[in-house]
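Residue numbers (my numbering), protein chains in the order written: chain A, 1130 to 1492; chain B, 1130 to 1492.
Derived by calculation from the structure, the hints in this document are not laboratory data.
Don't take every hint at face value.
If chains are identical, the list can't say which one is meant, so a pair holds when it fits in one copy or spans any two.
With a straight-line Cα cutoff of 30 Å, these simulated DSS-like cross-link-like pairs (lysine-lysine) come out [what the hints assert, rightly or not]:
| # | residue 1 | residue 2 |
| --- | --- | --- |
| 1 | K1258 | K1163 |
| 2 | K1449 | K1320 |
| 3 | K1449 | K1217 |
| 4 | K1320 | K1258 |
| 5 | K1163 | K1217 |
| 6 | K1163 | K1320 |
| 7 | K1258 | K1449 |
No experiment lies behind these values; they were computed from the predicted model shown.
Number of protein chains: 2
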Amino acid sequence: MNRHEIPTPALLLDLDAFDDNINKMSSHLKARNKAFRPHGKTHKCPEVAKALINAGAIGCCAARLSEAEVFAASGIPGLLITTAVIGKEKIARAVALANKAADTIFVVDDRQNVRDINDAAGKRNAPIKLAVDLFFGRTGIAPGQPAVELAQLIDSLPNVSFVGLQSYDGAAAHTTPFDARATRTKTTMGKAVETRAMIERAGIACPLVTGGSTGTYRFDAENPGMTELQPGSFVFMDMEYGTIGGPDGSEYRDFKNSLTVVTTVVSRPPGFAIVDGGYKAFSTDRPFTPEAVGIEGVVYGWAGDEHGRLDVSNASRDLKLGDRIEFIPPHVDPTVNLYDSIYALRGDRVEAIWPIAARGKSQ
Amino acid sequence: MNRHEIPTPALLLDLDAFDDNINKMSSHLKARNKAFRPHGKTHKCPEVAKALINAGAIGCCAARLSEAEVFAASGIPGLLITTAVIGKEKIARAVALANKAADTIFVVDDRQNVRDINDAAGKRNAPIKLAVDLFFGRTGIAPGQPAVELAQLIDSLPNVSFVGLQSYDGAAAHTTPFDARATRTKTTMGKAVETRAMIERAGIACPLVTGGSTGTYRFDAENPGMTELQPGSFVFMDMEYGTIGGPDGSEYRDFKNSLTVVTTVVSRPPGFAIVDGGYKAFSTDRPFTPEAVGIEGVVYGWAGDEHGRLDVSNASRDLKLGDRIEFIPPHVDPTVNLYDSIYALRGDRVEAIWPIAARGKSQ
Chain A
1130 MNRHEIPTPA LLLDLDAFDD NINKMSSHLK ARNKAFRPHG KTHKCPEVAK
1180 ALINAGAIGC CAARLSEAEV FAASGIPGLL ITTAVIGKEK IARAVALANK
1230 AADTIFVVDD RQNVRDINDA AGKRNAPIKL AVDLFFGRTG IAPGQPAVEL
1280 AQLIDSLPNV SFVGLQSYDG AAAHTTPFDA RATRTKTTMG KAVETRAMIE
1330 RAGIACPLVT GGSTGTYRFD AENPGMTELQ PGSFVFMDME YGTIGGPDGS
1380 EYRDFKNSLT VVTTVVSRPP GFAIVDGGYK AFSTDRPFTP EAVGIEGVVY
1430 GWAGDEHGRL DVSNASRDLK LGDRIEFIPP HVDPTVNLYD SIYALRGDRV
1480 EAIWPIAARG KSQ
Chain B
1130 MNRHEIPTPA LLLDLDAFDD NINKMSSHLK ARNKAFRPHG KTHKCPEVAK
1180 ALINAGAIGC CAARLSEAEV FAASGIPGLL ITTAVIGKEK IARAVALANK
1230 AADTIFVVDD RQNVRDINDA AGKRNAPIKL AVDLFFGRTG IAPGQPAVEL
1280 AQLIDSLPNV SFVGLQSYDG AAAHTTPFDA RATRTKTTMG KAVETRAMIE
1330 RAGIACPLVT GGSTGTYRFD AENPGMTELQ PGSFVFMDME YGTIGGPDGS
1380 EYRDFKNSLT VVTTVVSRPP GFAIVDGGYK AFSTDRPFTP EAVGIEGVVY
1430 GWAGDEHGRL DVSNASRDLK LGDRIEFIPP HVDPTVNLYD SIYALRGDRV
1480 EAIWPIAARG KSQ
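Use the sequences and the hints to build the structure in full.
So this is what it looks like as structure tokens:
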């Protein structure tokens, strides 16, 4: 199959750009002696997770238990579930996952939840690995003494073990410009590093401080207190990450746009080209519309669940019924979550079709 | 399984409200002698399509070929694919679908596309059924003479047959208030009815004029020139359809909110409750956030791909870690498209789990 035969709308991956992105991040972190556990919530695709492990990643983060279950079923090691697992049924599943993949790490921010996991885990050779999730605006427990006390609770229980801190600051990832982003992540990650020191002073080992993102990896990788980074979006990139600003104030170009959505012109009313990609083909959570690739002067407008309306009055070439147009998505993670597979291309040749096996696994 | 055991986030369907919605629409159209071909793009679920057929629907619309293929595989009759099928590969699949389900109707708005379908169809006992898609702002050919000429072309070709007009005005569905909506759909549907008369004066039978929506069904059902209605959202409803205005200027309450997204509180920082539903649990294409059910004073704020941040400072009751909260989605169709199944509830009991078999089938 080649690029022009793929049924649209579809996700296309430029493998050359993808390989470059992976190698760049991996070598950057390796040179700074940081572990690399990229976030699987971006791609939800075991083949992508394997490509990252082949490039030196020690495992894969998962946003949710059900996402981690899919990665585990595909043999991906080193799972870290970055949201707390809450409720009796889910804790039972978490224990089952830990029984199968003993190196899996779960995050916690609540004392009762820790006790519930300990109780459900039962007596075991390998205690369930827990990291304390620190609060920087969304989930987590306050850094400092509250986090220390939660670590002490974990340390006191027989069926769970404290492995470290999750220190993820979602807002830092998208802070602009470059210098403000540096300041923000240095400040918040600094609190994590202080908390780590407090825990160690309390006599508890804290081997793990994990966090960071595609937006902050440069700064976090220079932070001697952080042990591992968990960026996700860099494998594909998107319009939004392009806007966060590079060191010279321009676009953020550390990584290449490797992922596009390909659509077809399915109707051609005067002045417009209607393509077969709308709200079900692109996520709409960002305040901009998809960016056409390979044609200038085309402005995408949302036109419902299944359609986009391209203003082609200033287009650099004519668009005819049946023409294909690729777009960079505004925001990659929830866009990928709309598709069942990724068409992995080397040039115009489809080298593989990768199932997005954890698509929809938000539970 | 009961309501409280469903892994979150998940789609819940209140079967009592769902049954009421279906019966109301079905009896309304039956009393006015209109055929009822509800749109499957809302639910993408063969079990919902079957429930509608059991209530008198003659078939099911599909937004796309791949969606229709799923319905056909489930034995749903009377398919109408409401977007033109463009390109060699898709036309070949359309012919295969017509060979399997001869009553399937495809829409067209382009002369070359009509010829391509005719050529691909080959000599056959049952010509492929084509309806001309009329332009009211998105896809389609202009009503009046251009549409007549396209009908004539279809009528002149051996392997396709002209069955009528698709007259869908997407903007009419959401026009507010009630009276403006009435005026809009009467005007646009009036053009379809005129076009039908022109086609019949040209000596071509035009048995079908299909269109209408949850927002316009009252008005379209009174239009003697329309033969069938294809509303979709009424089965579930959503926040947006609530805002389009009823006859007394209040909320639009013709149908009940039967569908909710259930989430769990997974973190409880001071003043906020973080739930496990974000951009991957709700579509974000409307300018409002999910509406909590069964609790007052809760304001949902987007908090990324997997989280929502509830401001609970004015909540009518305390929210604890592990509590479940249901939300009416802002916009139902693209929200349903995020999930693999619908939990169909009678009271608190899960009566069935219905696969959303055409989820992601936007091709």
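*Evaluate K1258 and K1449 at a C-alpha cut-off of 30 Å and name the case that applies: within, between, both or neither.*
between (57 Å within a copy, 25 Å between copies)
*Between K1449 and K1217, at a C-alpha cutoff of 30 Å, which is it: within one copy, between copies, both, or neither?*
Close across copies (15 Å), not inside one copy (56 Å); limit 30 Å.
*Within, between, both or neither, where K1163 and K1320 count as close if Cα-Cα is 30 Å or less*: Intra 19 Å, inter 66 Å, cutoff 30 Å: intra-copy only.
*Can you give me the call for K1258 and K1163, within, between, both or neither, at a CA distance of at most 30 Å?*
within (20 Å within a copy, 62 Å between copies)
_With identical chains, the pair K1320 and K1258 could be close in the same copy or across copies; at 30 Å between alpha carbons, which is it: within, between, both, or neither?_
within (22 Å within a copy, 67 Å between copies)
_Homo-oligomer pair classification [K1217, K1163; C-alpha up to 30 Å]_ = For K1163 and K1217, the Cα distance exceeds 30 Å both inside one copy (35 Å) and across copies (50 Å).
*Can you give me the call for K1449 and K1320, within, between, both or neither, at a CA distance of at most 30 Å?*
Between. Shortest inter-copy distance 27 Å satisfies the 30 Å Cα cut-off; intra-copy 56 Å does not.
The structure fails to meet hint 5 from the earlier list, while all remaining hints are met.
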